[in-house]
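Those protein sequence lines, which keep their order, are chains U and D. The first sequence begins at 1 in my numbering and counts up by one. The second sequence begins at 1 in my numbering and counts up by one.
It is possible that part of the hints are untrue.
Chain D regions said to be covered by chain U (calculated; three or more residues, Cβ under 8 Å) [what the hints assert, rightly or not]:
hint	region
1	42 to 53
2	147 to 156
3	178 to 188
4	210 to 220
5	364 to 378
6	469 to 480
Quick caveat, the hints were computed from the structure, so don't treat them as lab data. From the three backbone atoms N, C-alpha and C, an ideal C-beta is built for every residue, glycine too.
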Amino acid sequence: MSIVSPEKGWYSEPLDKEEKVWVAIALAWCLLTFFLMPVWHVVGKQNPSSESYRVDPVKFNEIATAFTEKYKVGEENGIPIVHPPAGSDVFVVAGGYQWRPILELEKGKEYRIHLSSLDFQHGFSLVSPKFVMNYMVLPGYDYVIKVTPTEAGTYSIICNEFCGMGHHIMIGKLIVK
Amino acid sequence: MASADFRTCPTTGLKVHLPAEGLIKANAVVAVVAILIGGIAALAVLLTRLPAVHILPADWFYRLLTAHALDMLVVWIIFFEIAGLYFGGTVLLNSRLAAPKVGWLAFILMVVGAGIVNAIVLMGGADVTFTSYPPLKAHPAYYLGIILFAVGTLIAVGLFFGTLAIAKKEKTYDGSLPMVTFGLMCAAIIAVLTLLHGAAIYIPTFLWSIGLLPSIDPSMYRLIFWGFGHPSQQINVCAMVAVWYLLATLTTGAKPLNEKLCRTAFLLYVLFINVASEHHLLVDPVLSTAHKIFNTGYVMHLAVLASMIHAFAVPAMTEVALRKKGYSKGLFEWLKKAPWGEPGFSSMMLSLLIFGFVGGITGVTFGTEQISIIRHNTWAITGHFHGTVVGGTTLAFMGLTYYVVPLIFRREIISKKAAQIQPYLFGIGVFIMANSMMFAGSYGIPRRHWDITFAGTAFPYAFDPTAMLFMTLAGLGGLLAIIGGAMYVLNTVGSVFFGKKL
Ligand code: HEM
Ligand SMILES: [Cu+2]
Ligand SMILES: [Cu+2]
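So that you can see chain D by itself, here it is in the shape it has in the complex (with noise of 0.2 Å):
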């Protein structure tokens, strides 16, 4: 390998191989053009779920409903995790990139991919919401777009791989990954075997809108379909775990206490998170009590046991380090002199405590096939999965963008003060959002509907009026989140475009 190819990044002295950088940072951009996207889709749809304001007409609603899930639970998503494993891969590595062209080639799939999703639900092709449960039906390109968008990825995962092996071949580092390298790739596994069950559902579903399948079965498409939508969701955690011990190493030069009871923890979400799917299915027909029950309880707590242990580990090894520094007065002043004012760490801990409290409680008892009655399809999931994918994975990438930039694009972030109090307002925002969603939710409220005051149906029923100050509660705080949403993406554009040059 051609020393050329390298650079030395002065900050951290960490290897940066200038193949990779290109890709990480093409991945990043494509990223957060998405989140943007996304933003504005929610900001629409948060608007209109208000009865008091109510500003899209219905189609436009679901249009951007869908096109809200898919930019932000897919496309941002996934292209911030694969720069990531590109990061981890090589600089954490002092490794090369194993195929640089064929990064492009997945990030080109990808970008092509979610352009034709975006095209055709926006034109009204795909009035099918993100789940796209049959027998409603999208127009064919819509399913082709996603599975372009899945096979870039899949190629993308495979690149990460062939890094790891020759990294390993090369002897680039010296004795085991580092933990966050080894926890990016518990998220690659998982990732195959997610993308697997993808390609079972997404594939099927393609040639029956193309008529050559005569029917999909609703039911098998939603076992099928779960069996990768809920793993899909484990990749994230297991990524926003990694990035939680990035940002705390990062920020305080916090070190793994015990590294084996980590990547055991590690490990338990690559062994048990496959299972659980079903606590999509709790009230569905079809599947037995014993499979429901088997499927949802029996292993989906060693996946919870090892968030906890995560939840531990990552605040100890802070306090430790902290302390370490001189702040080890009495029980708590090494909380009170942590860096709060660094993006990074107060990303971190505010994803852990929602993740954790919003995200993770809820959805341990939502899952359960007695809450799921009461629970299921309300605007309680909506917040449950606000507190999982927003206000803990994105947040925590939120987080870790305000170092992509100066380590990797090289440029100085342009407002201190407005990345120092941007993770407090999403973090709040979605606090709020999600947990008055819920709120909301346990009346009755339903997800995905237009408007919950029936006017001009024919038996129209009125909500509880507490339910409605709960969906003005959680309007307010999506109004917050979409403000440091929006002050995330002004503040990181405007740094890669006109921030001082490093």
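Chain U on its own, in the form it takes in the complex (with noise of 0.2 Å):
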């Protein structure tokens, strides 16, 4: 019963066979999801970014729009659209319910995706039918992600953390070319 007192001598009752089968089994699981993820870490290809700085987000807004008035090859929907060299450092900030710029990357160059907020937190999402990547996007914070776009398309970014009354209509576009 377990809603009275244990018999006299509990703590000294040896585990049945079935007991201790069980408990080796659940630790072997344990130790190979332990070791799973640091392994991972290091022969897979798939680990969030650690690279990240401290930013006023005033100075990142004018980092991010002097980038975006340098390469900037066109417009949509009043939202600038940027070719940046290959291999660089690109700015994207979300701020005002809106991802800026539309950045335009060339298949098989490695870039560096600075993200930052200008006023709440966000999340940066990339969606496409193919695959999804999630960060988070701090204000004062600029977190660097390293990418090698793989496959030419258009990719959406939508916001996937409440952000206030205008968290839905949060979308952005990244273009590969």
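Mind assembling these two chains? They're in different frames, but the hints should get you there.
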């Protein structure tokens, strides 16, 4: 009975064979899952970035705006389209329920995407029929994601962290050529 | 202690301290009111998420989403747990409650806190969802309500420890604590650690909301918030497991096979559960990889080990008890002849299965940095925790209620038939909903999102039609769960008011 005190001597009661076997199986399973993550971190190719910097949102916006003006090649729905040099540092700013600018990246080239927010916390969620990729975007922090696009196409960036009443209209774009 | 303060339960022979009984009743009633409000919000939110129905405007969607999470995850579950602590500390130990007046103070603080939170959320003063990540700011009363609630909870937990102390001093029980009380005590220890984290985050945030602090660092907030939010889910796990043991004993007379093993497993929860909280932050800036891997990998698995031990021990003790009753033919006669028509038994087994296979496995997988990249903040996460905290904890608590009503309220359940099928409806509904949410999430369907068709936005994106199919399935499963939930509320409230007096 789990609702009364156990009989005296419960502390020295040995484990049954079945119990020992189960604990061993459970422990083995736990060790396996424990090792999977660090091992996969080394052998796998899908790890979250850990490069980030503290940044003043105003400063980040200045840098990103200068970057956008320098490499601007067009505009869609009021959002600038930029085509930065292959392999460079590129910027995406979250704020005012927009992702700015629209990046136009080249297939097979590595870029360093800098993500930060000017107002609230946002969820950078790159969606496409083939895959999904999510990162948190916090005001005051510059999060650097290294990416090498492998497939040409147009990708959507939606926001998947609640950021206020305009949360659901916050959607942007990323183009790979 | 005056013996006039006690009655003896005719069914179990347990001694019930009347002032404790009053508090158990009050806390249980508020819990059921909370699940009623939370359930109404669930229905509205669920229907709004389906693009074909979409009943609420955006602001009310986010508001009711906030209310749903708070009323369910916080108010329903914690009031029920406090009732459980008073039960485990007094009735199971034949003891009196240390200080009933303190219990009422805690109760009032919690009710006032919960009331303020609900009012301010519904008035539109806290459109921040239950995580309230800054710089999103709610009205100061919101944080104040949470703090009052937490202080009340801390007092109630303290009262439980006080009760354990006097029960020991007055020798109301012989030897060690019963397993259920031991499990609840572990939950209470985790609760104290958790509430301290809660204070560390809500007090500064409250000060910020009234302008006394200039800002709250968003990253620091996330770290401490989840240092509070994650362990508080472990309170729920620990309390749920204690309820599994309780239900196994109440429905089959089962007795833990190896006390030491089960108690060690409970201790593992206490020791290792406070880590792993950073699985919420795997795709955050700021924290280093080593930090994230250590926190989410290193010791989380010992807590998983504990759950696996319980998930073995509870069915095993049930099997032994049923075999002793003569159902010993072959491997599975005991399983076939088990009391599947007893709501306590079915909800215990369903809770165990859903918690383990739906909530547990996905928790361990989504909590790795690699998978987090593809699942973070998608509907898959919502699916995961409806597996743990709804299919697991809530279902176990529902099953227990069918015993609380006759034993504590001394009323017969008005519809035994409804009680029989209710756990299946709720369990199967949650099972379908949680799994469908996970499939939908794997296509990138975001959580907490009013309109995934992105109608009228600059660059609409159309999700895969399969994802939409899974959303519809989640809707159907959710409706089933809501019918199950409504049956639970009607049957228990009806019984408390109109059930035959026992
Ligand atoms: C009656 C069955 C229930 C149904 C149909 C249901 C349905 C839902 C739905 C549709 C959402 C919104 C998901 C989103 O938009 O991202 C949700 C969120 C949530 N639910 Fe439930 N739910 C139920 C019961 C519960 C219970 C019993 C609990 C807690 C014990 C709970 C805790 C939560 C939490 C914490 C959230 C997250 C809110 C957020 O993301 O801000 N639910 N639920
Ligand atoms: Cu956003
Ligand atoms: Cu958002």
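Hint check:
1. 42 to 53: violated (count 0)
2. 147 to 156: Since three or more residues must qualify, the claim that chain U covers the region 147 to 156 of chain D is violated, with 0 doing so at under 8 Å.
3. 178 to 188: holds (count 3)
4. 210 to 220: holds (count 3)
5. 364 to 378: Holds: 11 residues of the region 364 to 378 of chain D have a Cβ under 8 Å from chain U.
6. 469 to 480: Result for this restraint: violated, n = 0.
Checked against the numbered hints above, the structure violates hints 1, 2 and 6; every other hint is satisfied.
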